[in-house]
Amino acid sequence: MVERRFVSPTLLACVVIIATSGIVYELIAATMASYVLGDSVAQFSFVIGLYLFAMGIGSYASRFIEHALLDRFVEIELALALVGGLSAPCLFLVYTAQGAFRGALYSIVVLVGTLVGIEIPLLIRLLEFRLNLKELVARVLSLDYVGALFASLLFPLVFVPKLGLQRTSMAFGILNALVAVISTFLLPITHARIWRLRASCCVVIAILAVGIASFERITTHREATYFGAPIAFAAQSPYQRIVMTQSPRTTRLFLNGNLQFSSDDEHRYHEVLVHPAVSALGREPKSVLILGGGDGLAAREVLRYPKVEQVLLIDLDQEVTRIFREVPLARTLNRDALRDARVTIMNEDAFGFLERCRDSFDLAIVDFPDPGNYAVGKLYTLTFYQRLRERVGVRGLAVIQATSPYFARKSFWTIAETVAAADFRVVPMHVHVPSFGEWGFILAGAEGLREPRTLIPSVGELRFLTNEALPALFSFPRDMERVPAIVNRLNDQQLVSTYTNEWEEWQN
Amino acid sequence: MAELTRRQLLATLGLAWLADTSLPRVRPFEGRIVGADQRLGHLLRDGVKTGPAAGPIERADVVIVGSGVSGASAAWRLAAAGVESLMLELEGFAGGTSSWGEDGVVAHPWGAHYLPVPEPTARAPLRLLEELGVITGWDAAARPILQEQHLCHAPEERLFHEGAWHMGLVPQTLLDAGERAEFERFLGKMDEFTHARGNDGRPAFAIPLSFSSRDAEYLKLDRLTMAAWLDEHRFTTPFLRWYVEYATLDDFGADLDCISAWAALHYFCSRRFETEQTKGSHFLVWPEGNGHLVRHMLARAKGVRRHRQAVLAITPGARGVVLDVLDASEPERPVLRRIEARAAILAVAGFIAKRLLADAKEVTVRASSPWLVANLHVRRPCEPNRAWDSVLFDARGLGYVDAGHQRIAPAEETVLTYFRAYGAADVRAARAALGNRRWAELAADVLLDLAPAHPELGEQTSRLDCMLWGHAMPRPEVGFLSATREPMNAPVFLANNIAWAHVDQSGIALFEEANTHGVRAAEAVLDGLGHRRGESWI
Ligand SMILES: Cc1cc2nc3c(=O)[nH]c(=O)nc-3n(C[C@H](O)[C@H](O)[C@H](O)COP(=O)(O)OP(=O)(O)OC[C@H]3O[C@@H](n4cnc5c(N)ncnc54)[C@H](O)[C@@H]3O)c2cc1C
Chain Y
1 MVERRFVSPT
11 LLACVVIIAT
21 SGIVYELIAA
31 TMASYVLGDS
41 VAQFSFVIGL
51 YLFAMGIGSY
61 ASRFIEHALL
71 DRFVEIELAL
81 ALVGGLSAPC
91 LFLVYTAQGA
101 FRGALYSIVV
111 LVGTLVGIEI
121 PLLIRLLEFR
131 LNLKELVARV
141 LSLDYVGALF
151 ASLLFPLVFV
161 PKLGLQRTSM
171 AFGILNALVA
181 VISTFLLPIT
191 HARIWRLRAS
201 CCVVIAILAV
211 GIASFERITT
221 HREATYFGAP
231 IAFAAQSPYQ
241 RIVMTQSPRT
251 TRLFLNGNLQ
261 FSSDDEHRYH
271 EVLVHPAVSA
281 LGREPKSVLI
291 LGGGDGLAAR
301 EVLRYPKVEQ
311 VLLIDLDQEV
321 TRIFREVPLA
331 RTLNRDALRD
341 ARVTIMNEDA
351 FGFLERCRDS
361 FDLAIVDFPD
371 PGNYAVGKLY
381 TLTFYQRLRE
391 RVGVRGLAVI
401 QATSPYFARK
411 SFWTIAETVA
421 AADFRVVPMH
431 VHVPSFGEWG
441 FILAGAEGLR
451 EPRTLIPSVG
461 ELRFLTNEAL
471 PALFSFPRDM
481 ERVPAIVNRL
491 NDQQLVSTYT
501 NEWEEWQN
Chain Z
1 MAELTRRQLL
11 ATLGLAWLAD
21 TSLPRVRPFE
31 GRIVGADQRL
41 GHLLRDGVKT
51 GPAAGPIERA
61 DVVIVGSGVS
71 GASAAWRLAA
81 AGVESLMLEL
91 EGFAGGTSSW
101 GEDGVVAHPW
111 GAHYLPVPEP
121 TARAPLRLLE
131 ELGVITGWDA
141 AARPILQEQH
151 LCHAPEERLF
161 HEGAWHMGLV
171 PQTLLDAGER
181 AEFERFLGKM
191 DEFTHARGND
201 GRPAFAIPLS
211 FSSRDAEYLK
221 LDRLTMAAWL
231 DEHRFTTPFL
241 RWYVEYATLD
251 DFGADLDCIS
261 AWAALHYFCS
271 RRFETEQTKG
281 SHFLVWPEGN
291 GHLVRHMLAR
301 AKGVRRHRQA
311 VLAITPGARG
321 VVLDVLDASE
331 PERPVLRRIE
341 ARAAILAVAG
351 FIAKRLLADA
361 KEVTVRASSP
371 WLVANLHVRR
381 PCEPNRAWDS
391 VLFDARGLGY
401 VDAGHQRIAP
411 AEETVLTYFR
421 AYGAADVRAA
431 RAALGNRRWA
441 ELAADVLLDL
451 APAHPELGEQ
461 TSRLDCMLWG
471 HAMPRPEVGF
481 LSATREPMNA
491 PVFLANNIAW
501 AHVDQSGIAL
511 FEEANTHGVR
521 AAEAVLDGLG
531 HRRGESWI
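As you go down the protein sequences, you meet chains Y and Z in turn.
Under the working numbering, the first sequence has 137 at position 137, and the numbering climbs by one with no breaks.
Under the working numbering, the second sequence has 327 at position 327, and the numbering climbs by one with no breaks.
Since the hints were derived computationally from the structure, they do not count as laboratory data.
All C-beta atoms, glycine included, are put in the ideal place defined by N, C-alpha and C.
Worth double-checking, as some hints may not be accurate.
[What the hints assert, rightly or not] Which chain Y residues face chain Z? A few, computed with CB under 7 Å, are given here: (1) 370; (2) 374; (3) 435; (4) 436; (5) 437.
[Unchecked claim] Far from chain Z, by Cβ distances over 12 Å, these chain Y residues were calculated: (6) 61; (7) 149; (8) 348; (9) 349; (10) 354; (11) 377; (12) 421; (13) 491; (14) 504.
[Stated by the list, open to error] Chain Z residues, not near chain Y, derived (Cβ > 10 Å throughout): (15) 148; (16) 276; (17) 279.
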């Protein structure tokens with residue numbers, strides 16, 4: 001009979017979709033797991049194993065479904081659409097809410113695996129009367145494997161880079177729900193229930209569509225294994241990718257994959273950045289300019305001085321300052337410095353700001369990322385320091401983060417040389433920050449600048465710096481001593497290549 | 001030809017698709033062919049029936065024809081002596097081949113886009129830079145101190161070669177040992193010429209050109225092509241040949257086998273000035289290119305400037321000069337006018353000057369190359385290591401410069417200025433072919449040429465305008481130097497009180513040349529009219 005041999009191509013396409021989405025959910029779970037828990041080999045292995053096992057459970061369970069097969073099939077598709085489709089956003093929310101991530105992960109894997117396991121046997125039974133068994137198994141299973149191939153090729157190459165995990169997962173949820181809708185048209189079904197089923201399909205699709213529209217693209221493959229520690233927060237700004245990780249002991253901030261600070265030793269960095277400069281100034285500053293430093297940690301140190309009246313913080317990246325003003329984890333680190341009434345934040349390029357600014361400041365704190373590219377490198381040039389000089393005048397003082405005098409010795413001394421060429425008197429300093437190594441700063445002031453001997457008492461008790469610890473900052477041992485360097489200029493920026501070469505040497 | 005292009009476009013897009021596995025969504029963008037008023041230009045070429053001039057005869061002191069660098073420089077010089085000028089410009093915009101656009105997020109050049117820090121001999125350009133505050137003072141050795149912000153910010157150039165960007169135009173890593181050795185030898189040779197002096201004690205190559213040595217030893221280089229010179233000195237590796245040809249195309253708009261070896265060597269060996277400040281880039285760069293300089297000089301000029309004025313003829317008259325001008329300021333109703341002036345400065349190309357003044361024997365007419373300049377208004381993700389000048393090794397064009405490069409803050413939106421010179425020997429054919437292209441074809445050509453490095457550019461572009469320069473710049477072909485009028489540093493008068501000032505005089509299109517010719521013509525006219533002008537600026 002012709003009827004018996006015909007299976008509509010739409011139905012076969014549905015099989016491919018079902019198969020693809022099944023594998024996609026599995027890959028999403030594995031990716032999320034390795035992304036949050038680290039150790040991707042183990043995570044992929046666990047998730048795949050558990051998933052296959054759950055599929056076995058599902059296949060076995062399918063024998064207990066006896067009536068209204070089609071209704072069940074539609075319901076299972078819808079369940080899968082919801083559980084699978086929302087798996088990535090759910091896992092992410094559980095994680096950021098610091099919930100039981102592993103529990104949620106494995107429950108979702110088992111649930112999705114079981115549902116997928118029921119799917120295929122059920123479908124075969126539904127089609128049983130249209131095709132003989134030999135034909136049927138051959139067709140359905142071969143298409144199932146084609147779908148698997150699709151999924152595993154497209155997932156890393158297209159879906160994750162283009163859509164991100166969250167949206168991929170929800171998009172496949174929608175596909176599953178569409179399969180459910182289509183099957184209500186293709187397969188015979190009792191009229192009484194058909195509208196109820198279709199309505200539920202619409203609801204599920206709507207939920208997922210809203211999810212896609214509102215959920216931001218979260219992450220890429222690469223990051224998953226990059227940071228080691230679990231990610232507490234991730235965002236993408238026009239300028240950089242911002243990632244905060246949190247392990248029981250420490251919180252870390254990465255910008256474009258580069259460590260900015262680690263909570264267990266950032267106090268060393270920021271105390272040395274701020275307090276010797278204030279001591280050298282010899283008085284509490286009234287007006288302070290912070291260039292860069294959107295994390296608010298330098299501001300936190302500045303605000304220790306009661307006489308500070310105004311802190312102007314210039315950071316290019318609105319996203320960074322927003323995070324450090326709003327996200328609780330970040331706020332505990334800077335002790336709400338960015339919400340202090342004395343602090344004004346402006347999101348603009350620091351060089352551009354100096355060009356147009358006409359005010360002067362008692363203290364300027366310059367805390368930019370290292371000069372690893374030409375865009376940041378501009379902020380380490382003679383012209384930049386000349387503009388800076390105009391803003392602190394003869395009475396003020398500046399302090400500049402200047403990369404590592406140990407790992408990037410020539411770079412450090414190039415910065416010192418350049419600052420000096422801008423008519424500053426310079427006093428170089430260094431401190432050991434365990435997560436960075438030996439780190440350097442340049443104090444820059446007018447003719448009378450001297451190495452400070454004592455901290456200003458009103459600063460109170462610090463975690464690292466004491467009067468006794470001060471002199472060590474200014475003494476440079478042999479392997480960090482000054483080396484000859486030339487002034488770094490805008491139209492040359494040899495600092496960028498010097499810096500890149502020096503760090504590359506250490507990495508090899 | 002059109003078929004082939006379409007196929008290449010598809011192939012490139014296909015490759016791009018494979019490369020980043022996203023379907024290209026080429027967003028339609030807008031644009032047009034701007035500038036160079038063809039209709040008016042052709043009126044000039046074909047001649048208009050000069051009926052009686054409308055209205056009364058207008059009188060002026062000094063008329064300057066053309067608002068390019070030469071004309072603007074003349075007006076600038078006259079103004080400093082307190083003399084007004086009436087400037088008549090054919091186009092709707094000022095600047096000639098150093099003009100600029102101001103629409104979009106950042107101003108951008110339509111032609112000349114940089115000025116190397118001038119040699120001490122180029123005194124007028126140095127004075128101009130001082131006026132502009134680019135030069136802030138002079139050091140003990142009387143060398144200029146520069147406002148560094150105007151020097152091209154690093155990185156200056158990058159090269160796209162075999163699928164990747166490399167810093168600099170000659171990335172050492174791309175060369176094998178043989179190529180590197182040849183490059184070294186070439187640079188050594190150039191260094192020798194740079195410091196060579198002729199038997200008259202002058203440097204072999206200088207800027208302005210008129211300061212160069214007249215020693216036959218060097219002049220004979222004008223009798224062979226640069227290609228022949230390279231052969232003679234066994235410079236054969238493809239990379240070096242590409243590099244030298246890139247220079248002749250970029251500077252003269254012509255291939256190695258038409259350019260005089262003297263001119264090409266002048267490009268490599270005429271700049272000796274160096275201070276600590278210029279060891280990085282010695283290019284002065286502004287968003288609007290050399291339009292920045294023109295704009296300043298025009299702002300200083302005294303008197304009026306009128307656009308869409310085609311000067312049709314100039315004749316010496318009883319009271320000085322008579323100019324017949326087609327006033328097309330209302331394009332639908334052009335009117336013929338007559339202007340009487342005491343003196344005129346013709347700041348137009350040689351072939352035009354010859355048409356305006358029938359028996360102008362003193363004019364040097366040069367071969368000239370057609371160019372295409374396109375400005376692409378783009379929005380693209382910030383990327384920290386982009387260069388000002390991006391060159392594609394195997395492209396047909398010369399690559400592009402980023403007009404927004406000198407902005408200090410990172411920005412997603414910018415304007416890219418793309419250049420292409422038609423360097424083949426047959427300029428007429430190239431000019432005719434270029435004149436017939438429609439905007440859509442030109443835009444596709446530009447994107448296709450950049451596609452190997454920027455498959456995504458079509459998507460990022462919101463506007464792409466094209467400028468066609470039929471006669472962009474003189475071509476210093478073999479023998480160009482001997483065709484140059486002697487002495488080179490004397491003003492060129494075509495008749496009593498009619499001076500000529502244009503880069504065609506030098507035959508090498510450099511700002512310094514045009515600026516010097518303009519100033520010189522103005523000083524000669526001031527002298528002729530008996531104005532006090534103070535010391536010469538040259
Ligand atoms: C694409 C391109 C890139 C370049 N890049 C550089 C560079 O980077 N650096 C550099 O130094 N040089 C560069 N040049 C060379 C540049 O052309 C010269 O530096 C200089 O601008 C020439 O000026 P000019 O005034 O002598 O001539 P033009 O620019 O030719 O000026 C002549 C003017 O006269 C007008 N005119 C013509 N006929 C008439 C008429 N009958 N009536 C009224 N007006 C008329 C024209 O419209 C024009 O405005 C470049 C040129 C081009 C085309």
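Residue 354 of chain Y and chain Z, when compared Cβ to Cβ, separated by more than 12 Å: violated, 9 Å
Hint residue 436 of chain Y vs chain Z: min CB-CB distance below 7 Å? Constraint on residue 436 of chain Y not satisfied, violated at 21 Å.
Against chain Z, does residue 504 of chain Y keep a CB gap of more than 12 Å to every residue? holds, 14 Å
Nearest-CB test (10 Å) between chain Y and residue 148 of chain Z: Given a closest Cβ separation of 5 Å, the condition is violated.
Minimum Cβ distance from residue 435 of chain Y to chain Z below 7 Å? With a minimum Cβ separation of about 24 Å from chain Z (threshold 7 Å), the hint on residue 435 of chain Y is violated.
For residue 377 of chain Y, is the shortest CB-to-CB distance to chain Z above 12 Å, so the non-interface label stands? The assertion about residue 377 of chain Y is violated, with a minimum of 7 Å to chain Z.
Checking the smallest CB distance to chain Z, is residue 491 of chain Y really beyond 12 Å? At roughly 4 Å from the nearest Cβ of chain Z, residue 491 of chain Y sits no farther out than 12 Å, so the non-interface label is violated.
Beyond 10 Å on every Cβ pair: is that true for residue 276 of chain Z relative to chain Y? violated, 7 Å
Report holds if the minimum CB distance from residue 149 of chain Y to chain Z is greater than 12 Å, and violated otherwise. holds, 16 Å
Decide, holds or violated, for the assertion that all CB atoms of chain Z are farther than 12 Å from the CB of residue 421 of chain Y. violated, 10 Å
Per the stated criterion, does the least C-beta distance between residue 61 of chain Y and chain Z lie above 12 Å, as a non-interface residue requires? The claim stands: residue 61 of chain Y keeps its Cβ more than 12 Å from every Cβ of chain Z (closest is about 38 Å).
Is the shortest C-beta separation between residue 437 of chain Y and chain Z less than 7 Å? Cβ of residue 437 of chain Y sits 24 Å from chain Z, so the hint is violated.
Against the hints set out earlier in the document, violations occur for numbers 1, 3, 4, 5, 8, 9, 10, 11, 12, 13, 15, 16 and 17.
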